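Protein sequences appear in the order of chains A and B.
Be aware that the first sequence starts at 1, since it is given in our numbering, and climbs by one per residue.
Be aware that the second sequence starts at 1001, since it is given in our numbering, and climbs by one per residue.
Simulated from the structure, these hints should not be mistaken for laboratory data.
There may be inaccurate statements among the hints.
Claimed, not checked - Calculated cross-link-like contacts (lysine-lysine; reagent style DSS-like; alpha-carbon spacing at most 30 Å):
id: 1; chain 1: B; residue 1: K1335; chain 2: B; residue 2: K1560
id: 2; chain 1: B; residue 1: K1335; chain 2: B; residue 2: K1607
id: 3; chain 1: B; residue 1: K1607; chain 2: B; residue 2: K1518
id: 4; chain 1: B; residue 1: K1744; chain 2: A; residue 2: K127
id: 5; chain 1: B; residue 1: K1290; chain 2: B; residue 2: K1277
id: 6; chain 1: B; residue 1: K1581; chain 2: B; residue 2: K1335
id: 7; chain 1: A; residue 1: K127; chain 2: B; residue 2: K1591
id: 8; chain 1: B; residue 1: K1669; chain 2: A; residue 2: K127
id: 9; chain 1: B; residue 1: K1744; chain 2: B; residue 2: K1669
What you are looking at is a predicted structure, and each value in this text was computed from that prediction instead of being measured.
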Amino acid sequence: MPTHGFRLNNRAVSVESWDANQPLLYVLRGALGLHGPKFGCGLGQCGACTVLVDGQATRSCTTPVSRAAGRAVTTLEGLGTPERPSRVQAAFVAEQAAQCGYCTSGMIMVTTALLARTPKPTLDQVKQGLAGNLCRCGTHTRILRAALRAAQM
Amino acid sequence: MNPDSSAIRIPHSALSRRHLLKAGGALVVGFVFDAALPRTLTAQSRGATTDPSKPLDPAIVDSFLAIHADGSATVYSGKVDIGTGMRIAVAQMVAEEIGLPVARISVIDGDTGLCPDQGGTGGSNGLTRGGMEIRRAAATARRALLTMGADRLQRPAADLTIEDGQVRPLAGGAGVSIVSLVGDRQLSVNVDPNVTLVAPAKHTVIGKPLPRPDVVDKCTARHVYVQDFRLPGMLHGRVIRPPAVGATLESIEAASLFGIPDVRIVRIENFLGVVAKDEWAAVRAAAVLKATWTDAQTLSGHAELARHVREGAIDRDQDIVNTGDTADALRGAVKTLSATYFWPNQSHAPLGPSCAVADVRDDGATVWSSSQGTHGLRANLAKVFGLEPSKVRVVFLEGSGSYGTSGYDHAAADAVLLSKTVGQPVRVQWSRQDELRWDPKGPQQLLDLRAGLDASGRIVAWDTQMWLPTTRPGARAFLAADAAGIAQEHGMSSGLLSQNGDPPYETERVRVVAHWLKETPLVPSNLRAPGKIANVFAVESFTDEIAAAAGVDPVAFRLKRLSDARAVEVVTRTAQAFGWKERPSPNSAAKQGTLLAGRGVAYMRYKQAENYVAMAMDVTVDPASGRIAVTRVVCAHDCGLIVNPDALKNQIEGCIVQTISRTLHEEVKFDRSRVISDDFASYPILRFPEAPAVEVILIDRPDQPLMGAGEAATAPVAAAIGNAVFDATGVRLRTVPFTPDRVKGAIASASKGSSAGDAAG
Ligand code: FES
Ligand code: FES
Chain A
1 MPTHGFRLNN RAVSVESWDA NQPLLYVLRG ALGLHGPKFG CGLGQCGACT VLVDGQATRS
61 CTTPVSRAAG RAVTTLEGLG TPERPSRVQA AFVAEQAAQC GYCTSGMIMV TTALLARTPK
121 PTLDQVKQGL AGNLCRCGTH TRILRAALRA AQM
Chain B
1001 MNPDSSAIRI PHSALSRRHL LKAGGALVVG FVFDAALPRT LTAQSRGATT DPSKPLDPAI
1061 VDSFLAIHAD GSATVYSGKV DIGTGMRIAV AQMVAEEIGL PVARISVIDG DTGLCPDQGG
1121 TGGSNGLTRG GMEIRRAAAT ARRALLTMGA DRLQRPAADL TIEDGQVRPL AGGAGVSIVS
1181 LVGDRQLSVN VDPNVTLVAP AKHTVIGKPL PRPDVVDKCT ARHVYVQDFR LPGMLHGRVI
1241 RPPAVGATLE SIEAASLFGI PDVRIVRIEN FLGVVAKDEW AAVRAAAVLK ATWTDAQTLS
1301 GHAELARHVR EGAIDRDQDI VNTGDTADAL RGAVKTLSAT YFWPNQSHAP LGPSCAVADV
1361 RDDGATVWSS SQGTHGLRAN LAKVFGLEPS KVRVVFLEGS GSYGTSGYDH AAADAVLLSK
1421 TVGQPVRVQW SRQDELRWDP KGPQQLLDLR AGLDASGRIV AWDTQMWLPT TRPGARAFLA
1481 ADAAGIAQEH GMSSGLLSQN GDPPYETERV RVVAHWLKET PLVPSNLRAP GKIANVFAVE
1541 SFTDEIAAAA GVDPVAFRLK RLSDARAVEV VTRTAQAFGW KERPSPNSAA KQGTLLAGRG
1601 VAYMRYKQAE NYVAMAMDVT VDPASGRIAV TRVVCAHDCG LIVNPDALKN QIEGCIVQTI
1661 SRTLHEEVKF DRSRVISDDF ASYPILRFPE APAVEVILID RPDQPLMGAG EAATAPVAAA
1721 IGNAVFDATG VRLRTVPFTP DRVKGAIASA SKGSSAGDAA G
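Based on the provided sequences and hints, a complete structural model is requested.
Below, the structure written as structure tokens:
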């Protein structure tokens, strides 16, 4: 079986896949045992599966594993821990910006990429930045507050 | 690689009750304990491995509460937390009674092997019923601890209190730790249903906006959702459902799976599934497996739904409210109005599609599910799949928010049938399309309203006729069992649909009649604020119509007809915070550039007996595109005693934003054969650019009973939007969703001089 090597949360990994078109999401959640990226649609419509690939917010459900080869992949696990959260994670906790939290990983990953590009976004820029991410619980107001708070941290 | 695919056809008899009843063994079965599993999961399983004698009888304190030798406590809740903050609120209520810090109290919810059966979680009953039962158990424990402490300290119990894990004299002095009184032993006392609770004036934990412990776990990927749960030796399953509702399976071609590794096909009559070691292999196999199905055309199509409902066969008619002859009063009225309102089928549309893991063995079965009714699910799974109920355990693991009875129970049945058939643990993950096609739907609702006013503007008559799916006794049928030809009940229920069809305002004669429909095209189920969401939409929009016809400001019109002080307060506080200026609607002159601007208000008392909620909104309407934007929402909310104001606000904000989505965008579309709105493009939900500013005003009433708040604030949303659109445009929207096309059409027909508004049904 072909193997695909990439960096995952700052360590080198190499995974076998019987199908080079296997979406990165299934490799991350399967062989690599991660829980951060979530399956929401598999169609690129919801953002729940978002990871960073070389710092870019990327939908892992529509990214073939072969395309991750040689790149640096970061998931929610790679940002921080409950004891040492990243500033975006800390801001989401401070704002209690989750209900079911199924969308949260994708929100935090997109916000992290957004703040790297636009360190002091306006509310409107955050709304546009998160336009591709769905939240069914209606936690939008808190997520927006969390993103703006992270920008101040 | 050669596919290990074998078409196995299981005769129905293999699943017989006799076969499965041979099973013996312990209550706790198939539970693999992995020390490496994250914290949330080990907490979930702890009691099972350490204390198999754990009582489950809700009459006994120990069923709900265990105080451990290390000074921590575990609460066992039959009701579940589906992202609502129920767990922290219950921990706060228990902490208040037994004097342990909240951080030392963990809550295990919905595990049928550990938690008493407190009924399903729904109708916002998590705290009102479930939480209060637990609080009474904790208060009974408090009394027992005080009595034991009195004994030990040789002082009257009345002179003692409990704080920080100590029973102490109120006057100060040495105490005794509650651990030394009970640690790890059972209290063995019955819950006193009339036990005295810690008085509101003495609350130190209730009322605090404590953060939810699950949020930090969710923000750092430590939280284990049912979608994340894995067992050693587990296979990934997918179920292939027919392309048309009611179609039967004619044939399959196993060879179509060539090239996909380690996949097996499971076929039981019309139940078709695949299992594979690798999840992606299961996904691919389900996608490419060639199957031939018959055609079926049993549905009405969504475009015909309102007519279909109006002409549908009636199970029975029921007077919901009848305070006098409205027909007579309408004849005598100086002014009469009538209107028809319609709410479409909607999907729960959880962000993560339904998922479950089942491990069915000869000696019993364990199922991991985020069902909102794990005890009911357990009973139903046992009955349908011929398992001994005492040997089935359903372990609740939180999933993506579900907002009612979504597909989770069906996914559990899928997993049980597959696991039973292949003899290995199986995880079933529905696809996005599975979810939107096959989750039971929030029902469509059709309402005809009439009202009459006398010369002084008094409402002398109000008549509501509503068409609703009937209730049939029995459990809801599992899709998997129907497909596999397994006999089962076909109960039908979708919640308390007929409430809030009467106006909360002073009205001389009111009649509300429910026409219960025998069947509806799509299987109905509870979806957040079932029934109330459409009834309040109709009643509060129609109230606005009456106010406009009378030329009276909508807030003033309502206040004049409300006498309950709590109702008056939510309306008044909303209007104040909103900056409401008194004037009648519409006010079509208000413009923001090319946009029309309006404001709307709505009020209701949930189920006419619970929460008081009022809200006002600013909207803009783009007459060119028909697009509505809700820009600002102000909501005053009174649900009695508040346990955790921040978790409560989170729920209320969620209710409001989710219902804006339901109102503006959501309608299940179907043709004669199938649901066709099966992804987030064809079933769109609200996106961030549309998110309004939301201001929530909490009115705390510590001396009043608490009321659940998981859904009440959804109910006034649609009317508030519709009323604001009327204010902006003079056009009345009576059919949800308020899509741009519908709005444009309504504006166009109004400007042509026909009666303003869209016609429903
Ligand atoms: S799961 Fe990838 S966008 Fe929805
Ligand atoms: S918090 Fe549930 S989907 Fe966003």
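Exercise. Compare the distance between the alpha carbons of K1744 (chain B) and K1669 (chain B) with 30 Å, and conclude whether the hinted pair is satisfied.
Key: holds, 20 Å
Quiz item: Taken at face value, is the distance from the CA of K1277 (chain B) to the CA of K1290 (chain B) at most 30 Å?
Solution: holds, 20 Å
Quiz item: Under the criterion that the straight-line Cα-Cα distance not exceed 30 Å, is the pair K1335 (chain B), K1560 (chain B) satisfied?
Solution: holds, 19 Å
Quiz item: Taking 30 Å as the top limit, are the C-alpha atoms of K1581 (chain B) and K1335 (chain B) close enough?
Solution: Given pair K1581 (chain B), K1335 (chain B) holds - Cα atoms ~27 Å apart, limit 30 Å.
Quiz item: Is K1335 (chain B) close enough to K1607 (chain B), meaning Cα to Cα at most 30 Å?
Solution: At roughly 29 Å apart (the allowed maximum being 30 Å), K1607 (chain B) and K1335 (chain B) satisfy the hint.
Quiz item: Is K1744 (chain B) within 30 Å of K127 (chain A), Cα to Cα?
Solution: holds, 26 Å
Quiz prompt | Restraint status (C-alpha distance of K1607 (chain B) to K1518 (chain B) at most 30 Å) | solution = holds, 24 Å
Practice problem: Could you grab the alpha-carbon distance between K127 (chain A) and K1591 (chain B) and see if it respects the 30 Å cut-off? | Solution: holds, 24 Å
Quiz item: Between K1669 (chain B) and K127 (chain A), is the straight-line Cα distance small enough, at 30 Å or below?
Solution: holds, 28 Å
Hint violations for this structure: none, all hints satisfied.
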